[in-house]
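Peer 1: Protein chains in written order, with my numbering: chain A, 1 to 200; chain B, 1 to 200.
Rather than coming from a laboratory, the hints here were simulated on the basis of the structure.
Computed from a prediction, not measured in an experiment: that's the story for all the values here.
Heads up, a few of these hints could be off.
Pairs involving identical chains hold if they fit within one copy or between any two copies, as the list cannot separate such chains.
[To be verified] In silico DSS-like links for lysine-lysine, alpha-carbon gap of 25 Å or less: (1) 55 <-> 25; (2) 53 <-> 159; (3) 78 <-> 134; (4) 53 <-> 11; (5) 53 <-> 134; (6) 53 <-> 164; (7) 25 <-> 168; (8) 53 <-> 168; (9) 53 <-> 103; (10) 159 <-> 78; (11) 168 <-> 134; (12) 25 <-> 159; (13) 103 <-> 168; (14) 53 <-> 25; (15) 25 <-> 134; (16) 134 <-> 164; (17) 159 <-> 134.
2 protein chains.
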Amino acid sequence: MNQAVPPTVTKLIDAFSRLPGVGPKTASRLTYFLLRAPDELSASLAAALTDLKTKTIYCSLCMNITEQDPCPICSDSKRDHSIIAVVEEPLDVVAIERIGTFKGLYHVLHGAISPVDGIGPDDLRIRELVQRLKDSDVLEIIIATNPNMQGEATAMFIKQQIAKLGVKTTRLARGLPSGGDLEYVDSVTLLRALEGRDEM
Amino acid sequence: MNQAVPPTVTKLIDAFSRLPGVGPKTASRLTYFLLRAPDELSASLAAALTDLKTKTIYCSLCMNITEQDPCPICSDSKRDHSIIAVVEEPLDVVAIERIGTFKGLYHVLHGAISPVDGIGPDDLRIRELVQRLKDSDVLEIIIATNPNMQGEATAMFIKQQIAKLGVKTTRLARGLPSGGDLEYVDSVTLLRALEGRDEM
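Here chain A stands alone, though its shape is the one from the complex:
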């Protein structure tokens, strides 16, 4: 096999294989696709990869990834600076922004508490959140961590940490997903939906 694959090709296959969800087969398919594709395609990918790490920083307020500090969201005077949604990852900000109705600010933790993976509160941007709440006039914190064990643990920890600050703390509603089918919903979700039932 070595004779058939030049080292540069092997090197790119190996580099692609290190990405999540990309196995050796996909990696070599991508590599041979790029070999046939116009030079511009691999050049623009290489340039974007280089820029990614050199041009991006963390916003000093919300810890989201940005090219300017504070980030466009934190420096937008038209947004509501008295409400902060606390999320685990930058992609969660993207997901909430996609709805288009939330006009507050964010705080990105960059992970969730997970003892199994050796991730404790100090590995997250929780200290920065507490400091931010002390420094500004925030009225409500929406904890929007993931609806799983790690997300719950993180939510509980944050609630304890900010309890004495007197900031209203809410949590995203749990229940049946829209468009779902009751028959196929897992029992934990169903239990939450039952417990959190609303009066009609």
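Given the coordinates of chain A, assemble chain B onto it according to the supplied hints.
Peer 2: Then chain B, alone, in the frame of chain A:
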């Protein structure tokens, strides 16, 4: 959504999205993974992408992708230079090399005849193959194009082109795939297996 995603991040998501089989969701997952990953990962991917196009050339004999001309396979004196397997793509060379038993040389066509896609014989490296057969003492050509319409058309065309050269021309066997189940085999494959039945 624009406020939440810096331009450099969008640029990399767009670049990833142009790869085959990579949708916008996968592209943003890869991008945000790289943002969290060590710098070395995106740097090595960028370097490999740049090298891919600057360091690789086509072997002047077999047209495979290589870093040296002739390629390691064509310049290997221990291989049998009297037999050539004709394949569509460089990845097909990798597949045959993986078996480990074929010790001949290759010829990479870089595609197959496909009128629907506007690919004719002149777009492939068929002329180079004919010239190569005239220039050297090749005894057998194994046509190893894909077992589909385009591959068949290409095989037929090549057979016609080299008919007058008096080189023995063979084709990879068609039949049941190993490990398959007769019940689930498509009828074209079953027909070929029946027609090509071997005496036990």
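Peer 1: All hints, please: hold or fail.
Peer 2: Outcome of the hint check:
{"no.": "1", "hint": "55 <-> 25", "result": "between (32 Å within a copy, 22 Å between copies)"}
{"no.": "2", "hint": "53 <-> 159", "result": "neither (33 Å within a copy, 53 Å between copies)"}
{"no.": "3", "hint": "78 <-> 134", "result": "within (22 Å within a copy, 75 Å between copies)"}
{"no.": "4", "hint": "53 <-> 11", "result": "both (21 Å within a copy, 12 Å between copies)"}
{"no.": "5", "hint": "53 <-> 134", "result": "neither (31 Å within a copy, 53 Å between copies)"}
{"no.": "6", "hint": "53 <-> 164", "result": "neither (38 Å within a copy, 59 Å between copies)"}
{"no.": "7", "hint": "25 <-> 168", "result": "neither (50 Å within a copy, 34 Å between copies)"}
{"no.": "8", "hint": "53 <-> 168", "result": "neither (36 Å within a copy, 56 Å between copies)"}
{"no.": "9", "hint": "53 <-> 103", "result": "neither (29 Å within a copy, 46 Å between copies)"}
{"no.": "10", "hint": "159 <-> 78", "result": "neither (28 Å within a copy, 71 Å between copies)"}
{"no.": "11", "hint": "168 <-> 134", "result": "within (13 Å within a copy, 84 Å between copies)"}
{"no.": "12", "hint": "25 <-> 159", "result": "neither (45 Å within a copy, 32 Å between copies)"}
{"no.": "13", "hint": "103 <-> 168", "result": "within (17 Å within a copy, 74 Å between copies)"}
{"no.": "14", "hint": "53 <-> 25", "result": "between (27 Å within a copy, 20 Å between copies)"}
{"no.": "15", "hint": "25 <-> 134", "result": "neither (51 Å within a copy, 37 Å between copies)"}
{"no.": "16", "hint": "134 <-> 164", "result": "within (11 Å within a copy, 88 Å between copies)"}
{"no.": "17", "hint": "159 <-> 134", "result": "within (15 Å within a copy, 80 Å between copies)"}
Violated hints for the displayed structure, listed by number in ascending order: 2, 5, 6, 7, 8, 9, 10, 12 and 15.
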